[in-house]
Amino acid sequence: MVTFGNLSQFGALAFSLLAMVLLVAGVVRNDLRWIRAGKRSLVAVAVLATGASVALGYLFLTDAFQVEYVASYSDRALPVFYKATAFWAGQKGSLLFWAWVLSLFSALVVHNNRREPDSRATPYVYLVLAGTLAFFLFLLCAVTNPFETLGFVPRDGQGLNPMLQNPGMVFHPPTLFLGYIGFTIPFAYAVAAMVTGTTDASWIRKTRAWNVLSWIFLTVGIILGGQWAYVELGWGGYWAWDPVENASFIPWLTSTAFIHTAIIQERRGIMKVWNMSLILLTFVLCIFGTYLVRSGVLQSVHDFGATGLGGYFLAFIVITLLGGIYLIAESYGELKTPGALESYLSRESTFLFNNVILLALAFATFFGTVFPLISEAVTGNKVTVGPPFFNQVNTPLFLVLLLITGVCPLIGWRKASPVNLRRNFLRPAVAALVGGAILLALGVGEPYALLAFTLAGFVAATIVQEFVTAVGSRRKLTGESSLTAGFRVLWRMRRRYGGHLVHFGLVLIVVGITGSSAYKLETQATLSRGESLKIGRYELKYEDFKTYQKFNRTVYAAVLGVYNDGDRIGQLEAERRYYVNARQPTTEVALRSTLVEDLYVTMPGIGRTGEITLKVAVNPLLIWIWIGGGVMVLGGILAIVPSRKRRRAS
Amino acid sequence: MTRNVVWLAALWLLAAAIVPARPALALTETEVAEGLLCYACPGEPLTADRCRGGDQMRAAIRRMIAEGKTKQEILDYFVQEFGEEILTYPPKRGFNLVAYVGPFVGLLVGAAVAAVVVRRWSSAGRRRSEPRGSGSPPTRLDEKTRRRIEEELSHLDEEA
Chain A
1 MVTFGNLSQF
11 GALAFSLLAM
21 VLLVAGVVRN
31 DLRWIRAGKR
41 SLVAVAVLAT
51 GASVALGYLF
61 LTDAFQVEYV
71 ASYSDRALPV
81 FYKATAFWAG
91 QKGSLLFWAW
101 VLSLFSALVV
111 HNNRREPDSR
121 ATPYVYLVLA
131 GTLAFFLFLL
141 CAVTNPFETL
151 GFVPRDGQGL
161 NPMLQNPGMV
171 FHPPTLFLGY
181 IGFTIPFAYA
191 VAAMVTGTTD
201 ASWIRKTRAW
211 NVLSWIFLTV
221 GIILGGQWAY
231 VELGWGGYWA
241 WDPVENASFI
251 PWLTSTAFIH
261 TAIIQERRGI
271 MKVWNMSLIL
281 LTFVLCIFGT
291 YLVRSGVLQS
301 VHDFGATGLG
311 GYFLAFIVIT
321 LLGGIYLIAE
331 SYGELKTPGA
341 LESYLSREST
351 FLFNNVILLA
361 LAFATFFGTV
371 FPLISEAVTG
381 NKVTVGPPFF
391 NQVNTPLFLV
401 LLLITGVCPL
411 IGWRKASPVN
421 LRRNFLRPAV
431 AALVGGAILL
441 ALGVGEPYAL
451 LAFTLAGFVA
461 ATIVQEFVTA
471 VGSRRKLTGE
481 SSLTAGFRVL
491 WRMRRRYGGH
501 LVHFGLVLIV
511 VGITGSSAYK
521 LETQATLSRG
531 ESLKIGRYEL
541 KYEDFKTYQK
551 FNRTVYAAVL
561 GVYNDGDRIG
571 QLEAERRYYV
581 NARQPTTEVA
591 LRSTLVEDLY
601 VTMPGIGRTG
611 EITLKVAVNP
621 LLIWIWIGGG
631 VMVLGGILAI
641 VPSRKRRRAS
Chain B
1001 MTRNVVWLAA
1011 LWLLAAAIVP
1021 ARPALALTET
1031 EVAEGLLCYA
1041 CPGEPLTADR
1051 CRGGDQMRAA
1061 IRRMIAEGKT
1071 KQEILDYFVQ
1081 EFGEEILTYP
1091 PKRGFNLVAY
1101 VGPFVGLLVG
1111 AAVAAVVVRR
1121 WSSAGRRRSE
1131 PRGSGSPPTR
1141 LDEKTRRRIE
1151 EELSHLDEEA
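Residue numbers (the working numbering), protein chains in the order written: chain A, 1 to 650; chain B, 1001 to 1160.
Chain A on its own, in the form it takes in the complex (with noise of 0.2 angstroms):
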């Protein structure tokens, strides 16, 4: 199986170097058949890749420890399903992960395009996917090697990080990836766009299902991976400002930008350099992004093994980057358009707005994470800079973010009329105000807090009426139910429902992040059986202890009962695990989750005459972070379901 996975490997490369010359030599020629070559070239390529991913998990799930990479990230007593995700624990399968999908990525863009007469662009989409393809698989058969083998078989593995034995873990680099990889598409359209000429909007409109999906992934990456910290860490916080975290939010930003004025070039046919130069940057990103996830450049939680990839990774962001502002500058001439807005009012405007602070705010998150880096070579210090910098830095600039949130979608295009604003602004501005201040009576007295919770009900609010007049228009005209007509203008006008939908998911994060930071409870105590501690309105009794085998770990637990009030309203169960293969213990929280709060319990200590030390915490209103970024996966689902016209015409 080690051969078939280096063959599969090394073939895929080859058909992938093969590729790009056969499209090369198809545009250079002109001649279609090359072309046509070339794009089955490029199915090969996903073929011979999806071998080798297979060739890897076989390997995994069957022990076969005289792999290194399996060896490294697996044992024998490891669960079948970790066994099986081990896969992509460690950067040599990462990087095979990259690879493979989006070999099937652009197997799919070829099959998507079949029936579509060869358009002068689609040569260059394949050639820059080709090229990504080649860089990933060189990496792989000649840097890091997965399928490398020890020359000798060792007894057994040296077994998965425990604190990578969780299910979110499972499924967070994996959809990361996916964000990552996605981004590779729109970029090689642009590309295409950019050097044929074709510079309208037809390569953001081809090109918007995956720009939003991909987007959809790197949200269900980030919050996974938050949820993750959350409920495996046991610090009670679910974002560190960890320099790998941010890799990961720099790109969303961007992308979140992308994804607004691709609307505007859409409907308006403007802001094209600027669309360019996003896709650029957001693509550069997610490669960086790849790349610091194990280099080890800056010190991160996420270093599970740094190799000497670095050169090659910031080779390729280089040639990348200069290669598309290159493009950009050649072929600014037809990418400038004659502006044309009417009003600083007008949605266009309120976009770029937008757009100015969530790159700002990337920019921010780039600057601070990569700041270490930057003082040390102009001072010599070594400085860390963590989350009270980015707390600081980034708070005031999201509030800001949050506010343009509400006014943008509701903001007319051109040019809004003072009617236009009254009738979408007044209404939730008096809500909003008016929770505000309801709020401040019952003692929210913490600026950032309340002015986070205000926007917040400003966003909520738009969107709500926005919501309700659509309905009470639509049962006005066709007399259905309420239920019925909402469903159906969610339904009918998905698209803008969608976005709505994601803002809401925004507001509900804001709510989570606002409450569980700025209210939340903390206590620490050591307790003899039968003894109990106090945090807020709970009592915990602690009232039981047992030691259990289970899998690969001896549990040691503490049961706890949970009181309110004097009623006994629940039980948790503190963990502390020891691994096999594992030298450190590791604490499993114990969580009772709310919509109001969460009870949050780890237990850092056990003294050798049976006293516990818990450490608990209540996290107000911290499930809503989850709910949030559920709503706003929904969302973007809900805004690229495509209509049945489209569906026709295509």
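Keep in mind that the hints are not guaranteed to be accurate.
The calculated SDA-like cross-link candidates involving lysine to any residue, where the alpha carbons are at most 20 angstroms apart (straight line), are [unchecked claim]:
#1 A/Lys546 with A/Ser532
#2 A/Lys382 with B/Gly1043
#3 B/Lys1092 with A/Thr395
#4 B/Lys1071 with A/Pro447
#5 A/Lys336 with B/Val1116
#6 B/Lys1071 with B/Leu1027
#7 B/Lys1071 with A/Leu521
#8 A/Lys541 with A/Ala557
#9 A/Lys336 with A/Lys382
Selected chain B positions facing chain A (Cβ under 10 angstroms, derived; list incomplete) [unchecked claim]:
#10 Asp1049
#11 Lys1069
#12 Thr1070
#13 Val1079
#14 Glu1084
#15 Pro1103
#16 Val1118
Every beta carbon over 10 angstroms from chain B, so not counted as near; a handful from chain A, in silico [to be verified]:
#17 Phe10
#18 Tyr58
#19 Val393
#20 Ala461
#21 Tyr556
#22 Val641
Hint data in this document are derived by calculation from the structure and do not stem from the laboratory.
Beta carbons: idealized from backbone N, C-alpha and C, even for Gly.
Here the structure of chain A is known, so what remains is to put chain B in place on it, guided by the hints.
For chain B alone, coordinates are given in the frame of chain A:
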């Protein structure tokens, strides 16, 4: 009516400034720990760290919170003990100020560029929409019709 909202907003801001905020919630260990690295594990944030050295630091934080010290006082204590390298954020002085100011300068420059672009575009837009000849004057719509058109347009918006 718009004026009323502006008044309401102003009043509300005034109220926010006057009404005494609820006494701040008690300082938590995490709030302080977020600002610190573990002294024993280079580069490891104290919030994520689980070593014995980290335990000592966290215990010290809890002790100082119980003594009624503020977040800044506790952080200062650790800086005195271990130097500024113990902090998870660059102290606000010297070259580090670049990190704090840079993003906002970026934002201002970006916003200024966007404002200039919008201004140029909007003046170009106005020039274009100016009537060229002495054709018939635009028909005036009555308020009701105009409202209806706007409403229908807004529903059509994304569906096109």
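Status of the hints after comparison with the structure:
1. The straight-line distance between the Cα atoms of A/Lys546 and A/Ser532 is roughly 18 angstroms, inside the 20 angstroms bound, and the hint therefore holds.
2. About 10 angstroms separates the Cα atoms of A/Lys382 and B/Gly1043, which keeps this hinted pair within 20 angstroms; it holds.
3. Among the hinted pairs, B/Lys1092 with A/Thr395 is consistent with the structure: their alpha-carbon atoms are about 17 angstroms apart, no more than 20 angstroms.
4. For the given pair, B/Lys1071 sits about 18 angstroms from A/Pro447 by alpha-carbon distance, which is consistent with the 20 angstroms threshold.
5. In summary, the hint linking A/Lys336 to B/Val1116 is supported, as the alpha carbons are separated by about 16 angstroms, within the 20 angstroms threshold.
6. For the hint linking B/Lys1071 to B/Leu1027, the alpha-carbon distance of about 7 angstroms falls within 20 angstroms, and the restraint holds.
7. About 15 angstroms separates the Cα atoms of B/Lys1071 and A/Leu521, which keeps this hinted pair within 20 angstroms; it holds.
8. The suggested pairing of A/Lys541 with A/Ala557 holds, with an alpha-carbon distance near 14 angstroms, which does not exceed 20 angstroms.
9. Pair hint A/Lys336 plus A/Lys382 does not hold up; C-alpha atoms about 43 angstroms apart against a cutoff of 20 angstroms.
10. For B/Asp1049, the interface hint holds, since its Cβ comes within 10 angstroms of a Cβ in chain A; the closest pair sits about 9 angstroms apart.
11. Taking 10 angstroms as the C-beta cut-off, the interface hint given for B/Lys1069 is violated, the closest approach to chain A being about 16 angstroms.
12. Using the Cβ-Cβ criterion of 10 angstroms, the hint placing B/Thr1070 at the interface with chain A is not satisfied: the shortest such distance is roughly 15 angstroms.
13. A cut of 10 angstroms between beta carbons decides the hint on B/Val1079: the least distance to chain A is about 13 angstroms, and the hint is violated.
14. At about 8 angstroms, the closest approach between the beta carbon of B/Glu1084 and any beta carbon in chain A falls short of 10 angstroms, and the interface hint on this residue holds.
15. Annotation: interface hint on B/Pro1103 holds; nearest CB of chain A at approximately 3 angstroms, less than 10 angstroms.
16. Contact between B/Val1118 and chain A, as hinted, is supported at the beta carbon level, the nearest pair being about 4 angstroms apart and thus within 10 angstroms.
17. Non-interface status of A/Phe10 relative to chain B is upheld: no Cβ of that chain comes within 10 angstroms, the nearest being about 38 angstroms off.
18. At roughly 35 angstroms from the closest C-beta of chain B, the C-beta of A/Tyr58 stays outside 10 angstroms, upholding its exclusion from the interface.
19. For A/Val393, the shortest C-beta to C-beta distance to chain B comes to about 5 angstroms, within the 10 angstroms cut-off, and the non-interface label is violated.
20. For A/Ala461, the requirement that its beta carbon stay farther than 10 angstroms from each beta carbon of chain B is met, with the minimum near 13 angstroms.
21. With a minimum CB-CB distance of about 15 angstroms to chain B, A/Tyr556 clears the 10 angstroms threshold, and the non-interface call stands.
22. Annotated as non-interface, A/Val641 keeps its C-beta farther than 10 angstroms from every C-beta of chain B; the closest such distance is 13 angstroms.
In terms of the numbered hints stated before, the structure departs from hints 9, 11, 12, 13 and 19, listed from lowest to highest.
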